[in-house]
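Chemist: Sequence:
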Amino acid sequence: MTRASGLLDPSALSRALPLYEAVKQHLDDRIRRGVLRPNDRVPSENEIVAELGVSRMTANRALRELAAAGRIVRVHGVGSFVAEPKPSSTMLEVRNIADEIAERGHVHTARVDVLEEGPAPAAMQKWFGLGAGARLYHSVMVHFADGIPIQMENRFVNPAVAPDYLSQDFQRQTANAYLMRSAAVTRADIAVEAVLAKPDEAQALQIGTDQPCLLLKRRTWDDDRVVTVVFALHPGSRFELTNGQGPQPV
-13 MTRASGLLDP SALSRALPLY EAVKQHLDDR IRRGVLRPND RVPSENEIVA ELGVSRMTAN
47 RALRELAAAG RIVRVHGVGS FVAEPKPSST MLEVRNIADE IAERGHVHTA RVDVLEEGPA
107 PAAMQKWFGL GAGARLYHSV MVHFADGIPI QMENRFVNPA VAPDYLSQDF QRQTANAYLM
167 RSAAVTRADI AVEAVLAKPD EAQALQIGTD QPCLLLKRRT WDDDRVVTVV FALHPGSRFE
227 LTNGQGPQPV
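Those letters in the sequence shown? Residues -13 to 236, by the working numbering.
Hints are computed from structural coordinates only; laboratory data are not their basis.
Don't take each hint at face value.
Stated by the list, open to error - If you anchor each label on the Cβ, the simulated ranges turn out as follows:
1. E89 / A120: 31 to 39 Å
2. A36 / G91: 52 to 60 Å
3. R97 / P149: 23 to 31 Å
4. Q197 / E89: 32 to 40 Å
5. E89 / R1: 34 to 42 Å
6. N46 / D209: 47 to 55 Å
7. A174 / V93: 38 to 46 Å
8. D85 / S41: 28 to 36 Å
9. D186 / H92: 40 to 48 Å
10. Q197 / G63: 37 to 45 Å
11. V93 / P185: 22 to 30 Å
12. R90 / D150: 26 to 34 Å
13. V93 / L152: 38 to 46 Å
As the structure is a computational prediction, the values presented were derived from the model and not from experiment.
All residues carry an ideal CB built from backbone N, CA and C; glycine is no exception.
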């Protein structure tokens, strides 16, 4: 187990973010880069205050949000430690959220906030196995059950697989339903994570930024081609996870 002190760099804090968010991202970066490994002790509030020159309140909020996101585990009277990596779930099927909502006796509606083509972000180039300069379709939609928002869907789509994606009416059919008809889905990589909603996500879902959410990350394949990568964010109070059926509205 490594020592937590001396790991932080005040010059690395982003000035474009609220201070607590900058501290949170700095600590999370240390975890992602392996500077802090699973079960390593995370700098305490006092150490963060001393090394980064921030207030105790700022340090506390950064640690609380990392714990809520499942990145660290806080043990009362002992300290905070890097959480073990979460295993990917192989028990979730690719399902249409409109069907899930209907099966629970609710009425599905959707709002399309973004529907566009653009350069593939660097992270998406890796997810899709594409080179620099590649382009993807991008959509952001909010799904409702009886008028209550239950999912914010942030999706990237391979134009080579679904060339007519941008011309679809996604208030009449879901993106999932269209893509399932456009491609032969051979497998899906799925991971589930507990997170806190960002301000714009919280506004879209009509929740507070302190409310835990369930983030389902899914990459769908047609043989050796990635069809789509989707990040589906659900308010934790409105969804539960069930074996073999994906998140269900409650």
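Chemist: Each hint needs a verdict: does it hold in this structure or not?
Modeler: Here is how each hint holds up against the structure:
About 37 Å separates the C-beta atoms of E89 and A120, a value consistent with the hinted range of 31 to 39 Å. The supplied range of 52 to 60 Å is met by A36 and G91, whose beta-carbon atoms lie about 55 Å from each other. In this structure the supplied range 23 to 31 Å holds for R97 paired with P149, their Cβ-Cβ distance being about 24 Å. Checked against the hint of 32 to 40 Å, the pair Q197 and E89 fails, with Cβ atoms roughly 25 Å apart.
Range check, E89 to R1: about 48 Å between beta-carbon atoms, so the 34 to 42 Å window is missed. For N46 paired with D209, a C-beta distance near 49 Å keeps the hint of 47 to 55 Å intact. Between A174 and V93, the C-beta spacing of about 27 Å breaks the proposed range 38 to 46 Å. The supplied range of 28 to 36 Å is broken by D85 and S41, whose beta-carbon atoms lie about 49 Å from each other.
The given range of 40 to 48 Å is broken by D186 and H92, whose C-beta atoms sit roughly 25 Å from each other. One distance hint, 37 to 45 Å for the beta-carbon pair Q197 and G63, is violated here, with the actual separation near 27 Å. In this structure, V93 and P185 meet the distance hint of 22 to 30 Å, their C-beta atoms being roughly 28 Å apart. Separation of R90 from D150 is about 30 Å and conforms to the stated range, judged on CB atoms against 26 to 34 Å.
With their beta carbons about 26 Å apart, V93 and L152 fall outside the hinted range of 38 to 46 Å.
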